[in-house]
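In order, the protein sequences belong to chains A and B.
Following the numbering used here, the numbering of the first sequence begins with 1 at its first residue and continues without gaps.
Following the numbering used here, the numbering of the second sequence begins with 1001 at its first residue and continues without gaps.
Fair warning: there could be bad hints in the mix.
Unchecked claim - EDC-like mimics (lysine to aspartate or glutamate), calculated; alpha carbons at most 16 angstroms apart, straight line:
id, chain 1, residue 1, chain 2, residue 2
1, A, Lys298, A, Glu358
2, A, Lys42, A, Glu79
3, A, Lys410, B, Asp1282
4, A, Lys42, A, Glu71
5, B, Lys1072, A, Glu79
6, B, Lys1072, B, Asp1221
7, B, Lys1072, B, Asp1282
8, A, Lys298, A, Glu272
9, A, Lys410, B, Glu1266
Claimed, not checked - Counterexamples of contact, computed for chain A against chain B with all Cβ distances above 10 angstroms:
id, residue
10, Val62
11, Glu180
12, Gln200
13, Leu249
What the hints contain is simulated information worked out from the structure, not anything from laboratory work.
C-beta: ideal position from N, C-alpha, C; glycine also.
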Amino acid sequence: MSIRSLILVVALGLPAVGLLAFGPRGRYGVPSDRTVVRYWEKWTGVEGQAMQRVVDRFNATVGAAQNVWVEYNAVSNIEQRTLIATAGGDPPDVAGLYDFIVPQYADQGALRPLDELARQAGVPIDAWKPIWLDICRYQGQLYALPSTPYTIALYYNRELFRQAGLDPNHPPETIAEFDEDVRRLTRSEPVTLPDGTQGQRIIQAGFTPSVAMLGWWPWVWPCFFDGHLWDGHECTLDTPAGRAAMHWLARVREAQGIEPMLAFEATAGAIESAQNPFLSGRIAMVFQGPWLSNWIAKYAPTLDYGVAPFPSVTPERRNAFASTDVFVMPAGGRHPREALLFLAYVSRQDVMEELCREHNKLSPFRVPGADFLARHPNPYIRVFEELAASPCAFGYPSMPMWLRVIDELKVLLNTVLAHPEQADTALNAAQQKVNEVVAEYEQMAAKRRGGAP
Amino acid sequence: MKQAHFGTTGGRALFSGLLWTAPWWLGFLLFLALPMGISLYISFCDYPLLQPPVYVGTANYQALTHDPVFHKVLLNTLVYAALAIPLGTIVAVLLAALLNQRVRGQGLFRTCIFVPTVVPLVGIALVWLWMLNPEYGLINGAVRLVGPVLDGANNAIALLTGHRLTWLGELAAGPKWLALPGWAMTALVLISLWGVGSPVVIYLAGLQEIPEELYEAAMLDGASAPRRFWHVTLPGLSPVILFNVIVGLIGTWQIFALPYVLMRGEQGPQRSTYFYTMYLYDNAFRYLKMGYASAMAWVQLFIILALTAAVFLASRRAVYYRGT
Chain A
1 MSIRSLILVV
11 ALGLPAVGLL
21 AFGPRGRYGV
31 PSDRTVVRYW
41 EKWTGVEGQA
51 MQRVVDRFNA
61 TVGAAQNVWV
71 EYNAVSNIEQ
81 RTLIATAGGD
91 PPDVAGLYDF
101 IVPQYADQGA
111 LRPLDELARQ
121 AGVPIDAWKP
131 IWLDICRYQG
141 QLYALPSTPY
151 TIALYYNREL
161 FRQAGLDPNH
171 PPETIAEFDE
181 DVRRLTRSEP
191 VTLPDGTQGQ
201 RIIQAGFTPS
211 VAMLGWWPWV
221 WPCFFDGHLW
231 DGHECTLDTP
241 AGRAAMHWLA
251 RVREAQGIEP
261 MLAFEATAGA
271 IESAQNPFLS
281 GRIAMVFQGP
291 WLSNWIAKYA
301 PTLDYGVAPF
311 PSVTPERRNA
321 FASTDVFVMP
331 AGGRHPREAL
341 LFLAYVSRQD
351 VMEELCREHN
361 KLSPFRVPGA
371 DFLARHPNPY
381 IRVFEELAAS
391 PCAFGYPSMP
401 MWLRVIDELK
411 VLLNTVLAHP
421 EQADTALNAA
431 QQKVNEVVAE
441 YEQMAAKRRG
451 GAP
Chain B
1001 MKQAHFGTTG
1011 GRALFSGLLW
1021 TAPWWLGFLL
1031 FLALPMGISL
1041 YISFCDYPLL
1051 QPPVYVGTAN
1061 YQALTHDPVF
1071 HKVLLNTLVY
1081 AALAIPLGTI
1091 VAVLLAALLN
1101 QRVRGQGLFR
1111 TCIFVPTVVP
1121 LVGIALVWLW
1131 MLNPEYGLIN
1141 GAVRLVGPVL
1151 DGANNAIALL
1161 TGHRLTWLGE
1171 LAAGPKWLAL
1181 PGWAMTALVL
1191 ISLWGVGSPV
1201 VIYLAGLQEI
1211 PEELYEAAML
1221 DGASAPRRFW
1231 HVTLPGLSPV
1241 ILFNVIVGLI
1251 GTWQIFALPY
1261 VLMRGEQGPQ
1271 RSTYFYTMYL
1281 YDNAFRYLKM
1291 GYASAMAWVQ
1301 LFIILALTAA
1311 VFLASRRAVY
1321 YRGT
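Using the sequences and the hints, build the whole thing.
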């Protein structure tokens, strides 16, 4: 071996040996007398660290007293991995999933029902706001516990309101007011189009429901027209409320300009950056959750903004979209009793609210602690909390075939935004497709149960 | 024919042969043949993964025939393959021919072409996401530099034909790459060229195999450089081109990560960047239709086999093997 090769081998080999000897390694500090509870979660970064602190405190207190050790594992694509592990008969004892996945997994018998277990373990489910329990139930049975809940509200740029001659202390309360504000907050400039004619280029949009530009819930709009997407058996898109919502989207889009808005939306940059269109002042109003204030604090600390309920067609109803990350216990987990001890600990108001505050989310409790509200990083947390308390708060439709339906609803929204004149046709097509999806699912479910479809 | 028993010398040889090759054939049986067999069975079942499979006969295959999303992803994948494979082949062969020239910095140029292929696909997708941003992106920045020239060409076309070409106008203005169906597909095809370094290396190796005497003979016959490329280089390289086309065919039919990251997990405008393997994955792990996904996987296998066979058949007269 030549000197050069030797130097190369040493230069490459030394760091490798160093990493092996002193690099990061798995946790070996599990006391021998403890029962290990495997907890899979999707959170990494700051959110993961906050949960790890909760786990560490549990292991040092309740866990130590009860001989239980919770092992926290941040897992990517957690729905798929939990699914495969459950199907393979070796699921984690606790998994942190999204609420919209619960009906699908519960319907397949993949989750342990929690009503009795949670009560026996002392989980304070009666102290929670009703919406969080509704979201965690499927066909009347509790399959999940809320971990970090949130509602979605209207963020508006007060400075842009002033510039447009609008009152920054009076965000829109009705759909009509909202439409007028969108019109006044949308600014464009003349530009030569690719076909040589003169057109407009949007430089500031009042609002857009585009998924690429912070409108992450493309199915939600009929609910602000007092509609419901799911009655337990049928997915109802083609209702007066659904049609009114599609016509509203089409109307707003046509007023703003179809092609200019498509061009504007195509420029969406990374959301978690200074290019976030709300932070950079390119969109005046967005439909977003409490976490947006984290990005504002980080990338646009001087932004003058306000938060208000999203307008409803019936303002006094105060429709509000609510959602939550959830804890579930997959069926087949080896240590249900120990897992419940952990869930009962996390569900204590002090522990839960500290976690929710660190995640910039809401408290699931009917009466949030004064400390929680006072120290919360989002200055408008009370608006979000009030929305969660609204009797017209709604969650994801509790459909076991939701992931198939939502893909059709995305196509519906994209069609309406690109071709507003086709709103009715697109709605009919989506209704037909969704009917097929539901019918197919129920037919197969009946077949599996051994009954008639 | 004499049978080999494990007690005899031949049998012992067979036993040791099987023993030493056990890592391969055991792996093949356990991790390929068995899962494939199970997948074939599941393709005739309704299997939501969390409950036992229920036999449904050919229902999954029949459902494929009238599933509009399946037809859409099939068409998208076909179009992508039809554009990406020929374009990638042409660019790779030309680059290999250039990199084969004995010039200063040859090693540097070769490295520059190959380096992008070792970058993880997710990283590539994120970088391209920025580069394709219609307003701030590098690509449209460069396109706008030649925008006036393209506009001029479009005006000339308008004078001659009476109407402007919309796509040329959009190109001159800087396309909304990932927001419009046609441009989104174009963007993906262009990005696929980023990975052209791998076939270039194989083409370079192929170029070394072409006998120098053939070029000398062609030069003596007065063949110009383009004619030498057409009549010597391309025939000499044809087995390698065939190999790369088949590898490319298999790769394009399995495209997943690039559009998935680029479109942020969405299906693209009007499902224009929704490809076969993405729909297969969604069926298996999002919709919990493992039987349907298995049927799709088998159809995909047969499509690839059929296309590969077609390429082989079509290449019979076009591929030149030395000594044949």
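Hints, one by one, checked against the model:
no., hint, verdict
1, Lys298/A / Glu358/A, "15 angstroms, holds"
2, Lys42/A / Glu79/A, "9 angstroms, holds"
3, Lys410/A / Asp1282/B, "15 angstroms, holds"
4, Lys42/A / Glu71/A, "14 angstroms, holds"
5, Lys1072/B / Glu79/A, "26 angstroms, violated"
6, Lys1072/B / Asp1221/B, "52 angstroms, violated"
7, Lys1072/B / Asp1282/B, "14 angstroms, holds"
8, Lys298/A / Glu272/A, "10 angstroms, holds"
9, Lys410/A / Glu1266/B, "9 angstroms, holds"
10, Val62, "31 angstroms, holds"
11, Glu180, "28 angstroms, holds"
12, Gln200, "14 angstroms, holds"
13, Leu249, "16 angstroms, holds"
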